[in-house]
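Assemble the whole structure, with the sequences as input and the hints as a guide.
Now for the letters of each chain:
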Amino acid sequence: MSPATALKSPANAASGDTASNGIAIDCKGVTKHYGSGSSRVTALRGIDLDVRFGELMMLVGPSGCGKTTLISVIAGILDRDEGQCKVFGVDFNTMSAGQKTSFRGANVGFVFQAFNLLPTLTAEENAAIPLMILGESRGSAIKRSRDMLARVGLGDRGRSLPSQLSGGQQQRVAIARALVHNPRLIVCDEPTSALDHETGHKVMELMREIAVGPDRTLVIVTHDARIFEFADRIAKLDDGMVQSISNGKNVTSNAAK
Amino acid sequence: MIRVALQMLVGDRLKYLGLIVGIAFASLLISQQASILVGLAHQTGSFVRDTSHADLWVMDSEVRFSQDSLSLSDNTLLRVRGIEGVQWAVPLYQGFLKAKLPDGTRMTAIVIGLDDATLIGGPPEMVQGSLADLRQDKAVIVDYNALESKFMMKRSGGRPIRVGDNLSINDQDARLVGTYRASQSFFWEPVIYTTYSRALQYAPRERKLMTYVMVKLKPDADVAKVAASIEAATGLKARTNDEFIALTRDYILKETGILINFGLAVGLGFIVGTLIAGQMLYNFTLDNLRHYGALKAMGAGNGTLVIMNLIQALTVGVLGYGIGLGLGSLLGQLVASAGLAFRMPWQVPVLCGVAILIICLIASALSITRVLKLEPAIVFKGG
Ligand SMILES: Nc1ncnc2c1ncn2[C@@H]1O[C@H](COP(=O)(O)OP(=O)(O)OP(=O)(O)O)[C@@H](O)[C@H]1O
Ligand SMILES: [Mg+2]
Numbered sequence: 374m375s376p377a378t379a380l381k382s383p384a385n386a387a388s389g390d391t392a393s394n395g396i397a398i399d400c401k402g403v404t405k406h407y408g409s410g411s412s413r414v415t416a417l418r419g420i421d422l423d424v425r426f427g428e429l430m431m432l433v434g435p436s437g438c439g440k441t442t443l444i445s446v447i448a449g450i451l452d453r454d455e456g457q458c459k460v461f462g463v464d465f466n467t468m469s470a471g472q473k474t475s476f477r478g479a480n481v482g483f484v485f486q487a488f489n490l491l492p493t494l495t496a497e498e499n500a501a502i503p504l505m506i507l508g509e510s511r512g513s514a515i516k517r518s519r520d521m522l523a524r525v526g527l528g529d530r531g532r533s534l535p536s537q538l539s540g541g542q543q544q545r546v547a548i549a550r551a552l553v554h555n556p557r558l559i560v561c562d563e564p565t566s567a568l569d570h571e572t573g574h575k576v577m578e579l580m581r582e583i584a585v586g587p588d589r590t591l592v593i594v595t596h597d598a599r600i601f602e603f604a605d606r607i608a609k610l611d612d613g614m615v616q617s618i619s620n621g622k623n624v625t626s627n628a629a630k
Numbered sequence: 007m008i009r010v011a012l013q014m015l016v017g018d019r020l021k022y023l024g025l026i027v028g029i030a031f032a033s034l035l036i037s038q039q040a041s042i043l044v045g046l047a048h049q050t051g052s053f054v055r056d057t058s059h060a061d062l063w064v065m066d067s068e069v070r071f072s073q074d075s076l077s078l079s080d081n082t083l084l085r086v087r088g089i090e091g092v093q094w095a096v097p098l099y100q101g102f103l104k105a106k107l108p109d110g111t112r113m114t115a116i117v118i119g120l121d122d123a124t125l126i127g128g129p130p131e132m133v134q135g136s137l138a139d140l141r142q143d144k145a146v147i148v149d150y151n152a153l154e155s156k157f158m159m160k161r162s163g164g165r166p167i168r169v170g171d172n173l174s175i176n177d178q179d180a181r182l183v184g185t186y187r188a189s190q191s192f193f194w195e196p197v198i199y200t201t202y203s204r205a206l207q208y209a210p211r212e213r214k215l216m217t218y219v220m221v222k223l224k225p226d227a228d229v230a231k232v233a234a235s236i237e238a239a240t241g242l243k244a245r246t247n248d249e250f251i252a253l254t255r256d257y258i259l260k261e262t263g264i265l266i267n268f269g270l271a272v273g274l275g276f277i278v279g280t281l282i283a284g285q286m287l288y289n290f291t292l293d294n295l296r297h298y299g300a301l302k303a304m305g306a307g308n309g310t311l312v313i314m315n316l317i318q319a320l321t322v323g324v325l326g327y328g329i330g331l332g333l334g335s336l337l338g339q340l341v342a343s344a345g346l347a348f349r350m351p352w353q354v355p356v357l358c359g360v361a362i363l364i365i366c367l368i369a370s371a372l373s374i375t376r377v378l379k380l381e382p383a384i385v386f387k388g389g
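Just so you know, the sequences run in chain order A and B. Residue 374 is where the first sequence starts when you use this note's numbering, and the numbers rise one by one after that. Residue 7 is where the second sequence starts when you use this note's numbering, and the numbers rise one by one after that.
Calculated from the structure, these hints are not laboratory results. Treat the hints loosely; a few may be bogus.
[To be verified] Capping the alpha-carbon separation at 30 Å, the derived lysine-lysine pairs in DSSO-like fashion look like this: (1) LYS387/B / LYS575/A; (2) LYS104/B / LYS156/B; (3) LYS106/B / LYS156/B; (4) LYS106/B / LYS144/B; (5) LYS387/B / LYS609/A; (6) LYS156/B / LYS144/B; (7) LYS609/A / LYS401/A; (8) LYS387/B / LYS401/A; (9) LYS575/A / LYS609/A.
[Claimed, not checked] Per the computed footprint, the stretches of chain B lying under chain A, defined by three or more beta-carbons under 8 Å from a beta-carbon of chain A, are: (10) 14 to 24; (11) 301 to 314; (12) 380 to 386.
[Unchecked claim] Pairwise CB distance ranges, derived in the manner of DEER restraints: (13) ILE364/B / GLY427/A: 52 to 58 Å; (14) GLY508/A / GLY273/B: 42 to 48 Å; (15) GLN537/A / GLY269/B: 48 to 54 Å.
Every residue, glycine too, gets a C-beta built ideally from N, C-alpha and C.
So this is what it looks like as structure tokens:
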């Protein structure tokens, strides 16, 4: 796991530049195509976007507009075709697959729409996975995972299997898993769309409360207008481009009118 | 992450058990069939092994196996006795003769005639009577273990023959004076021992009747040298006990197709095992692909995932191997106690273990390619 830590320091150093203007993620003219020939689909056609430290950025827009594609590029699990994209001053396109994997392990936390918890592992084991991937011993990983579960309000459910938890509880386990290794970037794709309104609201309150911090950036993809109010800023995508960027609360009040 | 891999595996009860059962089946099939093959191969040498009182067997140069019964001329015995290094040499008759039980049940038996003076070449152990009883008039002895089967008088209600019964061999009278115990033989025909001279009376008139000359060497004589001089002097073949056992085994395995048949069965076990395990592990991995994708996204490298997959394959491999081998040897004890061929020398578990290991590696290699090709971006795809 040494490449991960090795990567973390130059990234930190680089982010020193951007930290002065507070920029954590810096994308310019990012394009992405799927397939080739007649079946070629252009998912992103020149995305300009920056996300600051301490910020919760939401990506919204109609289905198929490229939200998932963009967040995948930002998280380093999908290669862009053209343009520039730096995350903490680092460009994924200059890294080997192994380096990207290590970078993600050390710097990125994921929350998925379908939770993606391992069904045969308990909540505390699931939430400990990022630490174990980083090479931490099982014992201390579980201990830290228990603390994190307590912070998401599941202190007493550490030994439960995912199937014994409600959807909201499972998503809270997923949030604990995304936070347990204290990553600088957290990406979430539709974190509330598998939950009912009230549960989704609570999950977002929890995110705001414990995930947002001065050294951290959150990027959340959603088309659930009811959670827009939790955003600091909202980037509206359409047809592979950023149409507008606005302040979160503004959008909410506009929508309310 | 090793523990995580095991939890993923064990948590999916049905697939886990299926994998173990599949590999256990392959392990059972491979070890079982290989052991029967080894057992059969061993049994082809039973007669020579039981009759290894001397150092060399002198036989017709065309003899291919121990029951081939090609005869030698009478003066062979004298010529062999005259060779340097020979301490003693005795004749042995062996032939397939027609026998009839008291009730008229007919059979073909292997009749063995032992040197009248010394009775050398007899069975390893007597059960009823003694070998010396063969010196009585018309005396023969039979295999105790065959009493209930081959020597059963099926025509008169089914009683085995017993000491004192009169049989006939080639329409001449014989009287049962004892029974012996010998190793289980590959050859089906029941074996009847008598003296050399009486065997010659039973046998159809032929010019030559001696089958083997058994040769004991002087203590300081060199086996290879004496064998070579015997062959040079007589134009016959001289073989040590071990050589004769090997000659018989190789011939039988090849000529009967046993080697090919059991080899195929072992190969089949291997192929079936590979298919079952490969396809089950592949399915298991496919079912978990989403999770592997998530692990990949969260920073688990290909190396970690390969190790996880290998751990899963080897775990079911070791368990399946153990269960299959255990069942195999248990079943083997049963069939062996029923007198069937079954032998499991250490080479069989080792061979079986190597086969299972290869099966697991193939199965793992098949499924791991899917994990390696997996784009971590799929974690955000679909519900
Ligand atoms: N693997 C792929 N192969 C081919 N085309 C793809 C692939 N993934 C996405 N696309 C296409 O790229 C475009 C953008 O997809 P993307 O998943 O980023 O949209 P989205 O905004 O996340 O939509 P949704 O709100 O439905 O999740 C769509 O037209 C989609 O059909
Ligand atoms: Mg999407």
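Hints, one by one, checked against the model:
Among the hinted pairs, LYS387/B with LYS575/A is consistent with the structure: their alpha-carbon atoms are about 24 Å apart, no more than 30 Å. Proximity of LYS104/B to LYS156/B is assessed by CA-CA distance (about 13 Å); at most 30 Å being required, the pair is judged to hold. The suggested pairing of LYS106/B with LYS156/B holds, with an alpha-carbon distance near 11 Å, which does not exceed 30 Å. A threshold of 30 Å between alpha carbons decides the hint, and for LYS106/B with LYS144/B the separation of about 14 Å falls inside it, so the pair holds.
Simply put, LYS387/B and LYS609/A have alpha-carbon atoms about 20 Å apart, close enough for the 30 Å limit, and the pair holds. Proposed proximity of LYS156/B and LYS144/B is supported: the alpha carbons are some 21 Å apart, at most 30 Å. Proximity of LYS609/A to LYS401/A is assessed by CA-CA distance (about 16 Å); at most 30 Å being required, the pair is judged to hold. At roughly 24 Å between alpha-carbon atoms, LYS387/B and LYS401/A fall within 30 Å of each other, so this suggested pair holds.
For the proposed pair LYS575/A and LYS609/A, the alpha carbon gap of about 24 Å is at most 30 Å, so the pair holds. Residues of the segment 14 to 24 of chain B with a Cβ under 8 Å from some Cβ of chain A number 4, which satisfies the need for three, so the listed coverage holds. Counting residues of the segment 301 to 314 of chain B whose beta-carbon sits less than 8 Å from any beta-carbon of chain A gives 9, enough to reach three: the coverage restraint holds. As drawn, the segment 380 to 386 of chain B meets chain A at 5 residues by the rule of a beta-carbon pair under 8 Å; at three or more, the given contact holds.
Distance hint check: the CB atoms of ILE364/B and GLY427/A are about 56 Å apart, consistent with the given range 52 to 58 Å. At roughly 43 Å, the beta-carbon separation of GLY508/A and GLY273/B lies within the given 42 to 48 Å, and the hint holds. For GLN537/A and GLY269/B, the Cβ-Cβ distance of about 52 Å falls inside the hinted range of 48 to 54 Å, so the restraint holds.
The structure is consistent with each of the numbered hints, conforming to all of them.
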